[in-house]
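Start from chain U and add chain S according to the hints.
Protein chains: 2
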Amino acid sequence: ADIKAGRQLASAQCRTCHGLDGIAQIPVAPHLAGESEIYLQTQLKAFRSGKRQSEMMSVVAKNLRDDDIVNVAAWYAAIEITAEMPE
Amino acid sequence: ADIKAGRQLASAQCRTCHGLDGIAQIPVAPHLAGESEIYLQTQLKAFRSGKRQSEMMSVVAKNLRDDDIVNVAAWYAAIEITAEMPE
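Residue numbers (the numbering used here), protein chains in the order written: chain U, 1 to 87; chain S, 101 to 187.
So here's chain U without its partners, still in its complex pose (with noise of 0.2 Å):
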């Protein structure tokens, strides 16, 4: 996986949304951050082939390749998240 090529596709294509360090921007969003390569590739996939549907990412899903997938999942998945629960 190319994670500098993902870098730049998560900036141009996913950003506004899911926020480069994959911290959603929106609430219909989810965080990306630190989300396993595959399960980011498997979400990606069945968006590109309608088996999972969302009017904003079965658009965008539709124009990525095989290796674009690889590349903007190695990114997300490369981003540390901590968590902290309530009290």
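One thing to keep in mind: the hints can contain errors.
[To be verified] Here's a subset of chain S near chain U, in silico, CB distances under 10 Å, partners left out: (1) A101; (2) D102; (3) I103; (4) D121; (5) G122; (6) A124; (7) P130; (8) S136; (9) Y139; (10) V159; (11) V160; (12) W175.
[To be verified] Between beta-carbon pairs, the in silico distance windows are: (13) U/A5 - S/Q113: 37 to 43 Å; (14) S/D102 - U/A12: 38 to 44 Å; (15) S/M185 - U/D67: 19 to 25 Å; (16) U/Q8 - S/V159: 35 to 41 Å; (17) S/D167 - U/A12: 19 to 25 Å; (18) U/D67 - S/S149: 19 to 25 Å; (19) U/V28 - S/G150: 18 to 24 Å; (20) S/S111 - U/V60: 33 to 39 Å; (21) S/K151 - U/M85: 38 to 44 Å.
Because the hints were derived from the structure by calculation, they are not lab data.
Where a beta carbon is used, it is the ideal one built from N, C-alpha and C, also for glycine.
Okay, now just chain S, sitting in the frame of chain U:
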């Protein structure tokens, strides 16, 4: 929403794969920490109705009542996350 009830439900039914703190324990499951209530509710309802398919989640979601969904979404949404991008 009853966050305490949501935490209990998460502890009983979600934590093995998604973690009680929403950090996934297995690569095929996404992190849920800090996802928005609306996103979490929408996805759980999609799994329950069959609109979104997943071997595991289609089974789990089938038994959730509306208030279970509201409560468990409130629990995971209440977790604070921070993300750090690679250099």
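Next on the checklist: I'd like to know which numbered hints this structure contradicts. Please list them from smallest to largest.
Outcome noted: Violated hints (numbers, rising): 1, 2, 10, 11, 17, 18, 21; every other hint is consistent with the structure.
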